[in-house]
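> Starting from the given sequences, assemble the full structure and let the hints guide the process.
There are 2 protein chains.
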Amino acid sequence: MAPPPSAISMEGLDDTTAAPFPNPLTLPLEVNDIFGRRNKADKKQWGVAAPSVTSSFKIGSPRTDRPKAKRWDDHFTDETLLRKGSSLKQAAKHLSKPGIISLGGGLPSSEYFPFATLTSLVPTPPHFAESDTTPSTGTELRSGKHDLATERSIFDLSTALNYGQGSGAAQLLRWIVEHTQLVHDPPYRDWACTMSIGSTSALDMTLRMFTTKGEKILSEDYTFASAVQTAEPMGVGVVGVKMDAEGLLPGHMAEILGGWDAVKMGAPRPRVLYTVPTGQNPTGATMGKQRRQDVYAVARQYDVIILEDEPYYFLQMQPYVAKTAGAESQEPPPPRTHREFLDALVPSFLSMDVDGRVIRMDSFSKVIAPGSRVGWITASDQIVERYRKHADVSTQGPSGFSQIILFKLLEEHWGHSGYLDWLLFIRMEYTSRREVILDASEKFLPKEVVSWVAPSAGMFFWMKMDWRKHPQAGTQSLLELEDEIYNTSIEEGSLVMKGSWFYADPSAKHDTLFFRATYAAAPSDKIQEAIRRFGVAVKKSFGLVANGV
Amino acid sequence: MAPPPSAISMEGLDDTTAAPFPNPLTLPLEVNDIFGRRNKADKKQWGVAAPSVTSSFKIGSPRTDRPKAKRWDDHFTDETLLRKGSSLKQAAKHLSKPGIISLGGGLPSSEYFPFATLTSLVPTPPHFAESDTTPSTGTELRSGKHDLATERSIFDLSTALNYGQGSGAAQLLRWIVEHTQLVHDPPYRDWACTMSIGSTSALDMTLRMFTTKGEKILSEDYTFASAVQTAEPMGVGVVGVKMDAEGLLPGHMAEILGGWDAVKMGAPRPRVLYTVPTGQNPTGATMGKQRRQDVYAVARQYDVIILEDEPYYFLQMQPYVAKTAGAESQEPPPPRTHREFLDALVPSFLSMDVDGRVIRMDSFSKVIAPGSRVGWITASDQIVERYRKHADVSTQGPSGFSQIILFKLLEEHWGHSGYLDWLLFIRMEYTSRREVILDASEKFLPKEVVSWVAPSAGMFFWMKMDWRKHPQAGTQSLLELEDEIYNTSIEEGSLVMKGSWFYADPSAKHDTLFFRATYAAAPSDKIQEAIRRFGVAVKKSFGLVANGV
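Chains X and B, in that order, give the protein sequences. Start counting at 1 in the first sequence, then tack on 1, and there's your number in the numbering used here. Start counting at 1 in the second sequence, then tack on 1, and there's your number in the numbering used here.
The hints are simulated quantities; they were obtained by calculation from the structure and are not laboratory data. Remember, predicted model here, so these are calculated numbers, not experimental data. There may be inaccurate statements among the hints.
Under the rule of at most 30 Å between Cα atoms (straight-line distance), these lysine-lysine pairs were calculated in the BS3-like manner [to be verified]:
no. : chain 1 : residue 1 : chain 2 : residue 2
1   : X       : Lys448    : B       : Lys98
2   : X       : Lys444    : X       : Lys527
3   : B       : Lys214    : X       : Lys85
4   : X       : Lys448    : X       : Lys541
5   : X       : Lys90     : B       : Lys541
6   : X       : Lys510    : X       : Lys448
7   : B       : Lys98     : X       : Lys541
8   : X       : Lys527    : B       : Lys527
9   : X       : Lys90     : B       : Lys527
Chain X residues, not near chain B, derived (Cβ > 10 Å throughout) [stated by the list, open to error]:
no. : residue
10  : Ile35
11  : Ile60
12  : His180
13  : Gln182
14  : Arg292
15  : Tyr321
16  : Met353
17  : Thr489
18  : Lys541
19  : Gly544
Glycine included, every Cβ here is placed at the ideal spot set by N, Cα and C.
Below you can see the structure in the form of structure tokens.
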């Protein structure tokens with residue numbers, strides 16, 4: 002049988018002391034000490050729909066040595082400036098009056114929530130493989146309806162399943178704030194986190210916060226198609242910044258902004274950059290530290306807000322070592338400690354954000370599960386406050402089921418160190434997957450017309466076609482050539498994505514032709530076979546081999 | 002021990018035949034026959050992120066005898082008209098090609114979802130009381146990660162926790178469509194449902210679909226404060242329509258629309274009515290059938306879209322019978338069959354919507370749990386298609402945890418009949434709660450200055466103050482008097498909500514003074530005590546009793 006749910010071991014314990022969680026450390030480090038270094042938490046914030054003070058979740062003393070974020074009033078749209086607080090929430094302040102009885106809030110009684118317990122079976126570190134998560138080797142995490150009242154946990158179904166705040170529940174938010182501090186430690190004083198229902202929604206909401214009809218934003222020249230499709234109906238255009246293998250070029254960004262002609266462009270100079278700096282979709286490009294610093298400098302120069310969309314941040318892989326024929330493969334060893342692991346990650350824009358001009362969007366989608374619909378943003382208090390207010394009257398916080406399931410896993414079971422172990426497991430898994438697609442590409446793709454760079458992060462493999470060598474290059478457009486190769490690949494039984502679907506600005510002139518393949522989903526043998534088929538298709542299209550076989 | 006999860010009994014069964022669910026009927030009726038009358042379902046739609054054809058979920062033949070919905074192109078905002086489909090989703094059509102291998106979609110592998118099973122303990126009809134939901138009397142519903150592949154269920158964690166469609170998963174959506182047909186049977190041909198992440202978000206999205214900066218919408222004169230706060234930052238004003246005990250007055254609505262002076266009002270004539278027709282928040286008012294027909298007629302006359310926000314629809318209670326002193330109470334018996342139960346409900350706007358001009362917003366918040374963050378809208382195919390497209394690039398579908406937990410409960414455990422049993426249970430519970438607040442009000446409120454109407458639905462008790470009898474009526478404003486009574490009540494230890502917080506248009510002139518109390522949340526003794534305290538406060542404020550005791 003599975004061990005008892007970890008919540009049981011909390012019975013009667015003050016959650017504000019060093020937590021008695023079974024320490025799932027598999028690597029020596031101090032990461033779970035965070036629980037012991039927590040500040041005293043105000044228990045009122047564990048209650049139903051209780052507001053939380055996220056700054057109180059930070060570890061250590063307030064960093065008064067650090068600058069405060071810039072104010073963004075002149076960057077906000079009317080919608081954002083007009084947003085008021087909920088008048089009903091004014092009443093909440095009276096709830097702390099001793100003995101008061103509230104007939105105020107229109108919240109249903111948890112008596113009528115038809116869920117007595119909720120139990121998930123999850124992996125126990127270091128046994129993360131799917132096949133290891135069985136009733137005998139995994140751990141069952143159980144939430145009861147009234148665990149808070151019975152002091153079995155600081156979070157329960159009666160709280161999680163009632164109405165909440167737009168920020169999400171304090172119980173999970175505290176863990177998120179700590180994780181963010183551990184990984185990024187933003188270098189200004191008044192940063193804060195608030196949950197989103199995923200970064201797709203966070204982008205929709207932040208765009209409405211800073212842009213309005215007729216304006217334009219910047220992004221990588223090839224970018225996440227949904228981002229363009231989110232902006233477009235708002236009347237917000239996207240201007241593509243040229244890229245190399247390390248992502249967008251700060252020089253070109255400066256050139257665009259410096260030479261902006263509002264009349265000619267029909268829009269004021271962009272004040273927002275949307276970027277996926279790590280394992281970018283679709284190109285797989287990852288900006289190094291220097292590149293990020295250079296981009297940040299341009300953003301400062303032109304007072305641009307950076308929307309840092311980072312779903313793939315923890316899909317950074319082991320350094321790639323090209324295999325030399327005949328030689329023994331020299332694969333670097335995995336990080337030996339949590340600190341080594343964190344140090345091996347490229348620094349985020351957030352970690353260098355002295356102005357508070359970065360809105361970082363994190364998500365559990367790629368590292369836990371997309372269906373959780375839980376993410377968070379990190380930004381200055383002022384921006385986070387506007388976001389929360391918007392969430393209160395639109396998305397609200399994430400699903401209570403999702404929040405309590407994540408809380409049980411991340412706070413009560415894994416803790417920070419177990420989560421880093423999990424992320425390291427994911428890192429090694431993606432590293433293996435990348436080797437599969439790179440090996441297959443070496444073997445099956447015709448290098449005279451296809452080239453690529455080994456991705457260092459993310460899910461995507463980006464294949465460049467030397468389209469000028471295509472037999473119809475002189476008579477057909479780039480899009481026609483792309484379509485021909487795409488269809489030939491489908492005929493061969495391999496589906497990859499057209500690069501043109503990822504144009505930041507489809508109306509701009511393009512002279513490159515790419516296809517995107519992902520190594521995230523399919524099993525190894527299928528990845529190999531799909532690349533083999535794609536190779537056949539490319540050879541056929543380019544007339545390299547008769548009948549392509 | 003709990004009985005085995007119901008999913009097990011589905012093993013090897015074709016879900017398209019009459020379902021073998023344990024029939025939890027407690028009342029004789031044909032409701033679960035719906036499962037047997039289902040049309041053959043295309044199994045492809047049970048897959049990861051698979052699109053679904055919601056019209057295929059309707060029971061019976063297409064109603065070609067019914068009119069098609071009006072087209073709303075001339076009502077849509079630019080944002081809605083500009084919204085395109087996702088280019089990436091074009092690729093999905095090739096997935097049905099036999100043998101094709103996809104390296105297309107950027108979906109993570111379910112191998113890396115750290116959840117092997119998810120189990121909820123829920124009530125078994127007819128034992129709905131919280132105290133009856135124990136491991137020995139309730140039922141454990143278990144979802145596995147690969148139940149679909151192993152034919153244990155048509156829905157599993159590997160599907161629910163991956164990316165999905167903005168419409169939500171077909172598995173739960175089918176149940177929702179059937180439920181909607183069972184309860185409302187919209188009288189036009191091309192209605193459809195799509196999930197929302199709750200009606201707060203649905204309102205945000207539908208407002209953006211039909212209104213833009215500088216426009217105005219109509220609503221009840223006192224309305225849900227969040228609705229106003231959602232519209233306000235968009236630059237959309239709300240014009241209040243006068244109400245009586247049955248909600249908004251169609252005559253006044255016609256007067257406003259007929260006499261609209263765009264120049265004077267600074268806005269074109271409103272084309273959207275936002276209404277909560279049943280157990281309205283804050284007034285508790287419920288429109289009868291005739292009232293709804295009259296409002297619908299005015300909406301047709303002025304081509305107005307009706308946003309029917311109906312969280313409280315199933316909080317319709319037993320008919321209220323005033324207690325006569327000395328006489329035996331004559332409480333009407335509960336409905337004896339599901340048909341009687343459904344017939345006892347006031348017809349929705351949706352059920353009389355021959356034009357397809359109603360967007361009905363349903364939610365599980367008040368009848369299952371707010372934290373599920375799952376609701377749905379029902380409207381014409383054209384409107385639903387626009388909504389889904391917006392969801393694809395903003396909210397996405399609801400949490401996968403929420404969806405699979407609801408699917409297990411509603412489809413595999415309760416079925417339609419068990420859910421109606423549950424709703425009947427809720428109806429009787431709220432009826433008891435209402436009696437408590439009405440009895441307490443009879444006993445403790447000074448009738449010379451407080452009056453009320455027994456609510457027939459919802460969570461709210463609306464108390465009218467005869468403010469002209471207040472000692473300061475001549476010298477203080479209405480808002481000052483309200484504030485004085487509110488603060489006195491808090492001093493006495495009772496928190497109720499100010500009516501003015503619910504003004505549709507705070508700038509309009511008001512000459513009524515109300516307070517809202519809810520009987521939904523607190524236990525009986527607390528409700529009684531809070532009303533007693535409020536009575537003391539009112540007497541003090543109005544100088545009815547020295548020192549109020």
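> Run every hint past the structure and note whether it holds.
These are the hints, each one checked on the structure:
1. Between Lys448 (chain X) and Lys98 (chain B) the alpha-carbon distance is near 28 Å, which keeps this suggested pair within the 30 Å criterion.
2. This hinted pair checks out: Lys444 (chain X) and Lys527 (chain X) have alpha carbons roughly 15 Å apart, not beyond 30 Å.
3. Of the supplied pair hints, the one linking Lys214 (chain B) and Lys85 (chain X) holds, its CA atoms being roughly 17 Å apart against a limit of 30 Å.
4. Distance restraint check for Lys448 (chain X) and Lys541 (chain X): the Cα-Cα separation of roughly 14 Å lies within the 30 Å cut-off, and the hinted pair is therefore satisfied.
5. Between Lys90 (chain X) and Lys541 (chain B) the alpha-carbon distance is near 26 Å, which keeps this suggested pair within the 30 Å criterion.
6. Between the alpha carbons of Lys510 (chain X) and Lys448 (chain X) the distance comes to roughly 26 Å, so the proposed pair stays at or under 30 Å and holds.
7. A threshold of 30 Å between alpha carbons decides the hint, and for Lys98 (chain B) with Lys541 (chain X) the separation of about 20 Å falls inside it, so the pair holds.
8. With a CA separation close to 63 Å, the supplied pair Lys527 (chain X) and Lys527 (chain B) exceeds the 30 Å bound.
9. Proposed proximity of Lys90 (chain X) and Lys527 (chain B) is supported: the alpha carbons are some 21 Å apart, at most 30 Å.
10. No Cβ of chain B approaches the Cβ of Ile35 (chain X) within 10 Å, the least distance being about 21 Å, so the stated non-interface status holds.
11. The Cβ of Ile60 (chain X) lies farther than 10 Å from every Cβ of chain B, with a closest approach of about 25 Å, so its non-interface assignment holds.
12. Non-interface call for His180 (chain X) relative to chain B: holds, since the shortest CB-CB distance, roughly 16 Å, exceeds 10 Å.
13. The beta carbon of Gln182 (chain X) sits about 23 Å from the closest Cβ of chain B, which is more than 10 Å, so the claim that it is off the interface holds.
14. With a least beta-carbon separation of about 23 Å from chain B, Arg292 (chain X) lies farther than 10 Å from that chain, consistent with its non-interface assignment.
15. The claim that Tyr321 (chain X) is not at the interface with chain B holds, since no C-beta of that chain comes within 10 Å of its own (minimum 19 Å).
16. Consistency note on Met353 (chain X): stated as away from chain B, and its beta-carbon is indeed over 10 Å from all of that chain's, at 27 Å minimum.
17. Here Thr489 (chain X) stays apart from chain B, with its beta-carbon at least about 13 Å from theirs, past the 10 Å limit.
18. A cut-off of 10 Å between C-beta atoms confirms that Lys541 (chain X) is not in contact with chain B; the least separation is 17 Å.
19. At the 10 Å boundary, the C-beta of Gly544 (chain X) stays outside the reach of chain B, the nearest C-beta of that chain being 24 Å off.
Hint 8 from the list above is the single one not met by this structure.
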